[in-house]
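**Student:** Residue numbers (the numbering used here), protein chains in the order written: chain U, 1 to 115; chain Y, 116 to 523.
Warning: the hint list may mix true and false statements.
To spell it out: a stretch of chain U is covered by chain Y in this simulated footprint if at least three of its residues, at any positions, have a beta carbon under 8 Å from a beta carbon of chain Y; those stretches are [stated by the list, open to error]:
no.: 1; stretch: 9-16
no.: 2; stretch: 95-102
no.: 3; stretch: 107-113
Bear in mind the hints are in silico, worked out from the structure with no lab data behind them. Just so it is clear, CB atoms sit at the ideal spot from N, CA and C, and this is done for glycine as well.
The primary structure of each chain is shown beneath.
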Amino acid sequence: MTEIHLGRNVLDHQLLDKDGRRCGNVDDLAIEGGAGETAEVVAILAGPGYWAQRAGLLGRLAGWIGGSRRVRIPWEEVQKVDSAVWLRRAAPDYGLGRGDDRVRPYVDRIPGADR
Amino acid sequence: MSKLLNLALGILAAIGGFVDIGDLVFNTAAGATFGYQLMWVIPIGVLGIIVYSEMSGRVAAVSGKAVFDAVRERTGFAAGLSALLASEVVNLLTLAAEIGGVAIALQLLAGLPYRVLLALGVLALAIVLWTLHLEWMERVFGYCGLCLLVFAVAAVKLSPDWTKVGNGFLPHLSQNNPWLYLYFAIGLLGAAMTPYEVYFYSSGGIEDGWTAKDIGLNRANAIVGYALGGFLSLALMIVGASVFLRHGINPEHLGTIALGAEQPLGKIGLLLAIVGILFAVGGAAIDTVLSGAYNVAQFFGWEWGRYRHPAGAPRFALSWVALLVCALAIVMTGVDPVMLTEYAVIFSAVALPLTYIPILLVANDPEYMGVHTNGRLANVLGFAYLIVIMVIAIAAVPLMIITNVGQN
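One chain only, chain U, in its complex shape (with noise of 0.2 Å):
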């Protein structure tokens, strides 16, 4: 069994997809089993709608810009944990990566755009 460190190693890294896409954050995480249980981290959160309230005030305003949008990926979907936190399957898989995608067909409008 390894041993990971939520705090320093997996709350507020980057989430990278099957392709290395970068597809987020996580945001925040899941943790089953009450006070004297064994505890076990069951998915990770990623999205608007958690991380606004992790910021008093200006969390919220920032999260009113952003939505409330809320993914919940379960944690047998992580590959693999270094410097990012790896999922097994692509972005829109999760719901993940949403807002590029939806911008996207906009900006490829723009000629140039995949130059």
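Given the coordinates of chain U, assemble chain Y onto it according to the supplied hints.
**Tutor:** Only chain Y this time, still in chain U's reference frame:
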């Protein structure tokens, strides 16, 4: 051979890219006000930017983390968000000042109305940013920025009293108006160690695909490029002292700075100076606007990088477009770019610790950095400069108020 060539090309671009509107304004004004008395501050600032650029470049090469990845994971979301906001405000001020500088340089060449040139300048920058590879942007602007070497020729041609110049390298305080002297000292340090340079340097390393194998290249680039860039700062100060102090002129306009090269070298000197200023400031505008977009994208985990092309990193592309538009709106109000520069430099001095502390922390983490973790030299220098920038950050705003933004 091609490796050596690449190194040389990178360094050339770094020299041209070191000087921005902050360096132009503060070095010349310091020379025009205090002669050679502040020469000693320049090497201190240059060593500081070398230490932290090398460190951030090494972190980028080894761990693949750019500055705002490190900020977010080391300080957490809440503190990181404040750091992000502060950096974006400073970046925007700097960007607005650089854009104003571009328009002033264009005005000296073309003579069209200032606001028309602002719009044309921003449009040209946007097209360059949208279509050109990062490497080519750096090279085109870096090489043309080398025209600024005309100030080095001018400095020698003006035959300053070299003994006095040498004495300027001994740290001392001025008896005559010490507050203004300290204000300039902090401005010179802030201009040399501008945060966007470090953001850009580390993100650029990742754009260039640096790995642990490139840390030698990183070191050489940072040391040689910035040290030679520092020579341009020294030249600007000597010109400021020899031309403007002698005649009692306060170079309040960017065009006045270019006149410093005309006096000893004539029309050709003036032309080279203006072209050099145009590309140096234009290149700095590109670095600044990309830095602003890098920071936001890294903080929120979006896809980023010029190497992905706008379609590959759409929110990143949209971010720099938005920053460019906001900066244009600021300068369109008619605010004086030189004044804006002073504010930008002084506030960047305040924001410096937010950038430098997380880099120092990650560079000391053996889990990511392995054998490339900070050695003793990097840490001694890193901590020494951390103290320096803390002092600067605390003193900057009070000095700005006491001296009425360097006006008295």
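**Student:** Going back to the hint list, which numbers does this structure go against?
**Tutor:** No numbers; nothing is violated.
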